[in-house]
Amino acid sequence: MATIPSPHTFRGGIHPAYNKALAAAEPIRELPLPARLTVPMSQHLGAPAKPAVKVGDTVAGGQLIAEAGGFISAPVHAPAAGKVVALEETLTASGRSCAAVVIETASEQVWQPLPTFPEWRFTTAKQLIDHIGTAGVVGMGGAGFPTRVKLSPPSDKPIDTVILNGAECEPYLTADHRMMLEHAAEIRIGAEIIRHILGARTLRVAIEDNKPDAIAAMEKVFQDMDGDVAVTVLHTSYPQGSEKQQIFSVTGREVPRGGLPMDVGCVVENVSTAFAVFDAVVNGRPLVRRVITVTGDAIAQPANLLAPCGTLYSDLVAACGGVAGRAAKVISGGPMMGFAVSSLAVPTGKTASGLLLLSPKKITGFTSQACIACGRCVDACPMRLSPAELSQCIEADDIDGAEQIALMDCIECGSCAFVCPARRPLVHHMRRGKAAVMARRAAAKKTP
Amino acid sequence: MDPITTSTLCVGGIGLASAAALAVAEKYLSVPQDPRIGKVTEILPGANCGGCGYAGCADYARAIVVDNAECNLCAPGGAACAQAIASFLGRAAAAMERRVAIVLCCGDDTEALRRAAYNGIADCAAAQATAGGDKGCTYGCLGYGSCARVCPVNAIRIANGIAKVDKALCIACGKCVAACPRKLIKLVPAAAEIHVLCSSKDKGPAVKKVCGTGCIGCRICTKLADGAINMDGFLAVVDYAKPLTNEETVAKCPGHCIRKDPPASVQPPTPRS
Amino acid sequence: MKPEAPSDLLIISSSPHAHCGESVTRIMLDVVIALMPAFAMSLWLFQWQALRLAGVCVAACLLTEWLCRRAMRRASSLSDGSAVITGLLLAFNLPPALPTWMAVAGSVFAIAVAKQVFGGLGYNPFNPALAGRAFMLISFTGAMTTWSRSPWIQKVAYAAGSATTQATETAVDALTAATPLGFAKEALKAGAPMPLFSDLGLLKDFFLGNVNGCIGETSAAALLLGAAYLLIRRVITWHIPVAYLATVLVYAAILHLVMPGASLPPHVHLLSGGLLLGAFFMATDMVTSPLTRRGMLVFGVGCGVITMLIRTVKTGAYPEGVSFAILIMNAFTPLINRATRNRVFGTKKESARS
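First to last, the protein sequences are chains A, B and C. Using this note's numbering, the letters of the first sequence correspond one by one to residues 1 to 448. Using this note's numbering, the letters of the second sequence correspond one by one to residues 449 to 721. Using this note's numbering, the letters of the third sequence correspond one by one to residues 722 to 1075.
Think of the hints as simulated: they come from the structure by calculation, not from any bench. The structure presented is a predicted model; accordingly, all values stated were derived computationally and were not measured. Take these hints with a grain of salt, some might be off.
Claimed, not checked - Result set (DSS-like, lysine-lysine): computed pairs, CA atoms no more than 30 Å apart in a straight line: (1) A/446 - B/651; (2) B/612 - C/723; (3) A/157 - C/723; (4) A/54 - B/700; (5) B/671 - A/446; (6) C/1069 - B/651; (7) B/671 - B/623; (8) B/631 - B/671; (9) B/631 - A/445; (10) B/475 - A/445; (11) C/910 - B/657; (12) C/723 - B/649; (13) A/434 - B/623; (14) B/612 - A/434; (15) B/634 - A/83; (16) B/634 - B/700; (17) A/445 - B/634; (18) B/649 - A/83; (19) A/83 - B/651; (20) C/723 - B/708; (21) C/723 - B/656; (22) C/1069 - B/671; (23) A/434 - B/631; (24) B/651 - A/54.
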């Protein structure tokens, strides 16, 4: 096992002020069980789950309360024992609403575990994959892609490298960092299970060089793992945690346009997802809770809370001493790609790893100024696009023109808008353009 | 020869030659086209708004003459135009009623709450995609003007944070209907005067929390409208196929969301070419 | 009745919710600061004339921009500071004795026609200050090429005088040929030997600015100081200026090697005319120059080639080519942008063509 500096780094990217000191030293603290949990049916990419319980049902912790809604979907389990009091629409962080199962938690907790696989080394990949799917494990790095699907690449796409994503490149967030410090051993087992399932030879644990203690912790537990295993120390740069950029930094391979990591023989999993895989396979625990960094300059006591899915943001804020001063923006996730929410009555899910409360001092508003063609966004874009030209096309409603200059390759990382001196809402333009392209493609499919 | 004569002869010669070439091309290379298409194109108002579903007036004219498309699809042209085309082609004219667009929301910033401070592109779809929009009512008009921008005749005005269509100018092309991300705009008969200006499907108490002038689902109007207003869940909806003249519906609505328009012309406005 | 509104609304917007803190106004302020050394030198060399021209141009630019925005019913854009820069740069391109009304006319043209008509900052295809200068050069040729008598003329006459009496007379009497490049062009046309300007004392004058020329373009030292500030503050990158100056250097060196008697030495080319002002302050104007590093290099080389062509072609009318070269390359910027886009991440290298 070696620790190697990453041989490459992607071109572009930015270096924002990280502000991780606010929460980096806070050990993971379990949130006291809230009285009510509003468990969303959509905590993952793909079709929402379909409720499998009715109002009035009593559920045990870990019990299945919603089935996967399709192939690209995941089931949802009860985070705690209690009674189902409502099936209603809830606001989610992205602004859309989705169905939710509201559970009033019981004072006496009962837990219903799934089967465990202590001899996972001798279990077939298919069995393990099905189990991970049954446990509702999804990617916990933010997108929530169902892990079962990610770990089942087609046979014509062999995987030789598994990359464990410990970069956590977003400013303010420290959840993955604390997981690596406090649960390194479990993460290692999860990584081994993933490598076993994929039949891959190589494992790389990718961590940015601004987390030397996490690098040391991971070095220690991966020390005696067999095979081609190494901790790769990445250059600290945003968005080093983005899949495509990370694969390049670790292996030098570029995921082809419109392609997926499996096209270059790689699978990237977040360290928290590796933990969830371990929890599911070894402990029979479905994914029902996660660590969330509650931080920012408008929260009294920043913390890394282990909270059950379905906890309202207001409960998280209360558990951290409440708002300090005035919160001008509340963000679900990190400041670069997170969603600004309009109220604290939003429940947590499996994917968002942060809740950021920012005071008016930290807010820089977008303007409607014209592009001055300074080119800083072109330098910053990690996908090597031209955000200046793209945003000008989209503003002029020239969606075809934008598509021709690679609009659909945009990963919405926000590096361009971060550096724009005219403070243009570049990512907003990209999203608007992409939505128009998708609408056109959908309409074209309908007309014969 | 001096330069002036040379230049004049050269340029003049090129001009004459080009004109001759064009004349020859016009005679021998022209694409044969049914002459009726040209005449129908002339009858059509020439707004090229696309409301008929075809790519401009000439395309619609071709469709009428060649594909036997209906003559009454042109909203700006109206009944007069449909009649003229039908009689020119010797066909029976179908009935045509002038329609106008209407924004089914009256919750402007003096009545309806904003639940967040929106900072972003002044476009309704973009605002809707940002945390579900900044309006308290998730069904109401966001007022960022996407409909006003696509209107080819500038018939839509944004006042106090919501959109309002000027019936006198509207040519019912349907672009605003497509542009609205909340599907608030409908095409209704121009002759209809009483409308329920609310689209909120929320229950009464939920509506009142976010808007002082929304439909609370009390059903008083359904009793006064003689079948012309029906309930869609908690929302009153006008059935424009039935006549609605009872002004008590306006007076007795507790949410003041039923309004009566001043009368509008049954002739569409003359489009400026 | 409107329900009671919550007191503090949260702000909702698209991501990202963090920003580096830079703004257009800050960038413009940095450019103004970078122009201060050259401005200070111009005050020392040309005194009242420099102050008059700078003041008039800046004021006229600001007023024109404000009026145009009012007329177009758009929000005022004065706060972005770009009008101030256009005024200063335009003033730096004017000869000291220029009548005030001409300076005003040029400023109005620069802002109203070359900038606001297109939509304001960000939409203009041509550098407004240079467009203003070109307008004035063509409309007021006489005034734009009249330089006041100064002791400098005697010095140059002395340097050139050893060659022929004819050149000396021409040098002392001709008001129009009183810049170094002007001298060179006249000599070229007359078939007279080129003044070599190799006297070190004369070179020092070039460097410090004690030569005839437009009020802001004379002092290489002050301009380089300002340029260093811009580079350190990362307002500009090295690509355009280095490409421009290197091209001029190479072109002039080759020409001087091939035809030593009929061309100026390269260092004179570098230090004369508005080249340094143009290379560091005008060609690098963000709006009118390419977006990518590769594109900037192409732009710089193009400016260099055209500048030298205008300066050295024997039958050419103009001794100075920087303004026109940059304006011509501005027209090519959209094309350069299209041709020099970065290879999108994940594009196969062989098939990388946008």
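(request) List, from low to high, the hint numbers that the structure doesn't satisfy. (result) Checked against the structure, the hints that fail are numbers 1, 3, 4, 5, 6, 7, 10, 11, 15 and 22, while the rest are satisfied.
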